[in-house]
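S.K.: Work the whole structure out from these sequences, hints included.
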Amino acid sequence: MSSTKARADSLSLLLFTLRSGKLMAINLLKVSEIIPCPPLTKLPESHPHVKGIATLRGASLSVIDLSRAIGERPLEDPNGGCLIVTDVSRSKQGLHVQAVSKIVHCLTTDIKPPPFGSGGSRAYITGVTSVDGTLVQVLDIEKVIHSIAPAQIEMVPTDLSMEDAEVLGNARILVVDDSQVALQQSVHTLRNLGLQCHTARSAKEAIDCLLDLQGTAQQINLIVSDIEMSEMDGYAFTRTLRETPDFAHLYVLLHTSLDSAMNSEKARLAGANAVLTKFSSPELTQRLIEAAKHVAANGH
1 MSSTKARADS
11 LSLLLFTLRS
21 GKLMAINLLK
31 VSEIIPCPPL
41 TKLPESHPHV
51 KGIATLRGAS
61 LSVIDLSRAI
71 GERPLEDPNG
81 GCLIVTDVSR
91 SKQGLHVQAV
101 SKIVHCLTTD
111 IKPPPFGSGG
121 SRAYITGVTS
131 VDGTLVQVLD
141 IEKVIHSIAP
151 AQIEMVPTDL
161 SMEDAEVLGN
171 ARILVVDDSQ
181 VALQQSVHTL
191 RNLGLQCHTA
201 RSAKEAIDCL
211 LDLQGTAQQI
221 NLIVSDIEMS
231 EMDGYAFTRT
241 LRETPDFAHL
251 YVLLHTSLDS
261 AMNSEKARLA
271 GANAVLTKFS
281 SPELTQRLIE
291 AAKHVAANGH
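So for the sequence shown, this note's numbering puts the first residue at 1; every next one is plus one.
Take the hints with a grain of salt, since some may be wrong.
Claimed, not checked - With a Cα cut of at most 35 Å, we get these calculated DSBU-like pairs of lysine-lysine: (1) 293 x 204; (2) 102 x 204; (3) 30 x 112; (4) 102 x 42; (5) 112 x 204; (6) 266 x 102; (7) 293 x 30; (8) 92 x 30; (9) 102 x 22; (10) 22 x 92; (11) 92 x 204.
Don't read these hints as lab results, they were simulated from the structure. In this text the structure is predicted, and so the values were computed from the model without any measurement.
M.R.: Next comes the structure, spelled out in structure tokens:
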């Protein structure tokens, strides 16, 4: 298995701009709708990056000043622009942006990791691509949301049954996610269960890890992988594993900020064992127990 051979899936991106005019993008599957910026109600004690609350069809929607949230200059007209309404990790929020440009279709192999020196862990992007010769930065919306309202990791019960604790103890887990925030959330849950794991920030890095550990006492038998990743996404990563004799048996749980019901059929066709929407620590724990039992039953 080559760690440099990426499998291509299609991806639709919504391009938008902030005051600087540079193009940014978000996965179209994370977008519910695009609307003119409505009147907002400012709440006392709210986060400085939250412009206010909008009422959308009778429901309250927090509106994030995306420019401020990622360290850009504020919009020239603070009451202008439009809202990109997103549905990410079981919650809706509005992103206030200058303007929406267009929708483009590309391959996941066209999305490259952020270049060296682009901000590292402080950057609010998960990748970059080129559209008509112009650099486009792909927004890490999970990190934006986390910076404003950090996810509260529910403490899962540590008094697992003896059977569950034993079966989990035999799981050798690799967590793959290009979002540092999402990766930390998963690792926190595992550590709360008393489990150690290996991590990777891309499918390529994950493949390198699998190859390095193959034949050792730490040989991986369970993978928790993001779907949206640069160069090779979770579907392509899973298909690559299924086509590689040494790794075809690995249990693969696809862990996504998108609605898992919407992705279940595609995950099944790729060869994944299960799919779960981020982020619920109790649900992840239960899925890990199920996965570990499957691994044990199949002698891996």
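S.K.: If a hint holds in the structure, say so; if it does not, say that too.
M.R.: Results of checking the hints against the structure:
The suggested pairing of residue 293 with residue 204 holds, with an alpha-carbon distance near 27 Å, which does not exceed 35 Å. Between residue 102 and residue 204, the direct Cα distance comes to roughly 30 Å. Compliance with the 35 Å bound is thereby established for this hinted pair. For the suggested pair residue 30 and residue 112, the alpha carbons sit about 19 Å apart, so the restraint of at most 35 Å is met. For a cut-off of 35 Å, the pair hint linking residue 102 to residue 42 stands: about 30 Å separates their Cα positions.
With a C-alpha separation of about 12 Å, the suggested pair residue 112 and residue 204 falls inside the 35 Å cut-off, and the hint holds. Among the hinted pairs, residue 266 with residue 102 is consistent with the structure: their alpha-carbon atoms are about 26 Å apart, no more than 35 Å. About 33 Å separates the Cα atoms of residue 293 and residue 30, which keeps this hinted pair within 35 Å; it holds. Between residue 92 and residue 30 the alpha-carbon distance is near 10 Å, which keeps this suggested pair within the 35 Å criterion.
For the proposed pair residue 102 and residue 22, the alpha carbon gap of about 13 Å is at most 35 Å, so the pair holds. Note on residue 22 and residue 92: the hinted pairing holds, with a Cα-Cα distance of about 25 Å set against a maximum of 35 Å. At roughly 31 Å between alpha-carbon atoms, residue 92 and residue 204 fall within 35 Å of each other, so this suggested pair holds.
Every hint, counting from the list given before, is met by this structure.
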